[in-house]
Amino acid sequence: MTSTETSSSSEFTIFMRAYQDMVFSTAVRLTGNEAQAEDIAQEVFLKAYQGFDQLRSSPSAGGWLKTVARNLALNHLSRYRKRWRFFSELPPSEDDAPPIDVPVPDTMLLDLTTAERGRQIEAALRGLPGHQRVPLVLFHFEELSYEEIAAKLGVSLSKVKTDIRRGREALLPLLEASGVTPDESTG
Amino acid sequence: MDQERTIERRVHEALRGLPPARAPRTLEARVLDAIEGRAAAPWWRSSFAQWPWAARAGFLGASLALVLAAILIGQAPAVGGSFAAFQAHPLMVVPGVSQAQALLATFAVLRTALARAIPTGWIYFAFLLGGLLYALLFGLGTAAYRALYLGTPAQVSYR
Numbered sequence: 015m016t017s018t019e020t021s022s023s024s025e026f027t028i029f030m031r032a033y034q035d036m037v038f039s040t041a042v043r044l045t046g047n048e049a050q051a052e053d054i055a056q057e058v059f060l061k062a063y064q065g066f067d068q069l070r071s072s073p074s075a076g077g078w079l080k081t082v083a084r085n086l087a088l089n090h091l092s093r094y095r096k097r098w099r100f101f102s103e104l105p106p107s108e109d110d111a112p113p114i115d116v117p118v119p120d121t122m123l124l125d126l127t128t129a130e131r132g133r134q135i136e137a138a139l140r141g142l143p144g145h146q147r148v149p150l151v152l153f154h155f156e157e158l159s160y161e162e163i164a165a166k167l168g169v170s171l172s173k174v175k176t177d178i179r180r181g182r183e184a185l186l187p188l189l190e191a192s193g194v195t196p197d198e199s200t201g
Numbered sequence: 075m076d077q078e079r080t081i082e083r084r085v086h087e088a089l090r091g092l093p094p095a096r097a098p099r100t101l102e103a104r105v106l107d108a109i110e111g112r113a114a115a116p117w118w119r120s121s122f123a124q125w126p127w128a129a130r131a132g133f134l135g136a137s138l139a140l141v142l143a144a145i146l147i148g149q150a151p152a153v154g155g156s157f158a159a160f161q162a163h164p165l166m167v168v169p170g171v172s173q174a175q176a177l178l179a180t181f182a183v184l185r186t187a188l189a190r191a192i193p194t195g196w197i198y199f200a201f202l203l204g205g206l207l208y209a210l211l212f213g214l215g216t217a218a219y220r221a222l223y224l225g226t227p228a229q230v231s232y233r
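Taken in sequence, the protein lines are chains A and B. Take 15 as the starting number for the first sequence in this note's numbering and just add one per residue. Take 75 as the starting number for the second sequence in this note's numbering and just add one per residue.
Check each hint, because a few of them may be wrong.
Simulated restraints, written as ranges between beta carbons of each label pair [claimed, not checked]:
id, chain 1, residue 1, chain 2, residue 2, range
1, B, L211, A, R133, 21 to 31 Å
2, A, E183, B, Q124, 47 to 57 Å
3, B, L203, A, L186, 55 to 65 Å
Residues from chain B that face chain A, not an exhaustive set, calculated with beta carbons under 10 Å [said to hold, decoys possible]:
id, residue
4, E78
5, I81
6, E82
7, R84
8, V85
9, A88
10, P93
11, R96
12, A97
13, P98
14, L101
15, E102
16, A108
17, I197
Worth flagging that the hints you see were computed from the coordinates, not collected in a lab. From the three backbone atoms N, C-alpha and C, an ideal C-beta is built for every residue, glycine too.
For reference, chain A alone in the conformation it holds in the complex (with noise of 0.2 Å):
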């Protein structure tokens, strides 16, 4: 390996540490997975890498890797659903599906310090199902509006609201019992 080149991997090396996190977030909430979402993290940064010269100093970097990052993991779902769908039953019309009970555990989250109710927080999001979680997600994390969502996902427009609408009526007895407030949460 030359000198430059060595020295362009440990830029890269460096580039990679400031947003990993930030890609592999994207990709976990969406997917729900971790082992997925290192697949895709992986082929983020691959892409990156062969544009990095643009990249390293483009200040829209992190814009780009993230979006990258979601459209592969929706890609990813995607392919997944229509093999599944494929060689699946059809499952009922999730319109039809009773609402998601998320589990609060018997501890009382008040006593919890603000890392562990984070933790618990991702974990009742990556335990919604997946036609709640992705809207959720790209809603609240990735700010796309009700219409982008839409299109995006193939779906009509009501069933995202419905979609989103049920997906925080879940998330909500856990969120009261860590009292998590607005006025908390954003300080």
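Please arrange chain B on chain A, whose structure you already have, making use of the hints.
Chain B in isolation, oriented as in the chain A frame:
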């Protein structure tokens, strides 16, 4: 509606307050290994666009020559060893070319003879039977997949 807005705000602030999930320690090593692996791979294993220009030109030339040769062989009649025949069809002197052409001609004769000998109804029946057997095998494969490899629907149905 107000209650819904309150829930939306509350969930939004709780979720946005979460720190990013920590990437696994193995990720960095995996990416660097993959980059090294790609760099060490021979040029012909990379995408065509990344081949050296000489290799790309050579490949395109060879492909074109192959197509032209196939067309010439297909059009040329069976020729003997005369000079006149060579002048007319130079490819015929290449070892194996005339044999290949003879083989193709034999297949053509065989196909014509079979088409005459076998009633059309039988041919349709054979195609239908083949299709049915394919569908049966596919159905068996699907049933086996459902029975043996069912996963968790929550991971896959995101809509």
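Okay, the hints, checked on the actual structure:
A hinted range of 21 to 31 Å is violated for the C-beta pair L211(B) and R133(A), which are about 48 Å apart. Under the hint 47 to 57 Å, the C-beta atoms of E183(A) and Q124(B), about 51 Å apart, fit the expected range. A beta carbon spacing of about 60 Å between L203(B) and L186(A) agrees with the range 55 to 65 Å that was offered as a hint. Annotation: interface hint on E78(B) holds; nearest CB of chain A at approximately 7 Å, less than 10 Å.
Taking 10 Å as the C-beta cut-off, the interface hint given for I81(B) holds, the closest approach to chain A being about 5 Å. Contact between E82(B) and chain A, as hinted, is supported at the beta carbon level, the nearest pair being about 7 Å apart and thus within 10 Å. Annotation: R84(B) was flagged as interfacial toward chain A, and the flag holds, the nearest CB pair being 6 Å apart, inside 10 Å. Here the hint on V85(B) is kept, as its CB sits about 5 Å from the closest CB of chain A, short of 10 Å.
Interface hint status for A88(B): upheld, as the beta-carbon distance to the closest one in chain A is roughly 5 Å, under 10 Å. Contact between P93(B) and chain A, as hinted, is supported at the beta carbon level, the nearest pair being about 6 Å apart and thus within 10 Å. Hint status for R96(B): holds, given a least beta-carbon distance of 6 Å to chain A, under 10 Å. The closest approach between the C-beta of A97(B) and any C-beta of chain A is roughly 4 Å, which is under the 10 Å cut-off, so the hint is satisfied.
For P98(B), the interface hint holds, since its Cβ comes within 10 Å of a Cβ in chain A; the closest pair sits about 6 Å apart. Contact between L101(B) and chain A, as hinted, is supported at the beta carbon level, the nearest pair being about 6 Å apart and thus within 10 Å. Look at E102(B): its Cβ gets to within about 6 Å of chain A, closer than 10 Å, so that hint holds up. Interface hint status for A108(B): upheld, as the beta-carbon distance to the closest one in chain A is roughly 6 Å, under 10 Å.
Because the beta carbon of I197(B) sits about 32 Å from the nearest beta carbon in chain A, more than 10 Å, this interface hint is broken.
Checked against the numbered hints given earlier, the structure breaks hints 1 and 17 and satisfies all the rest.
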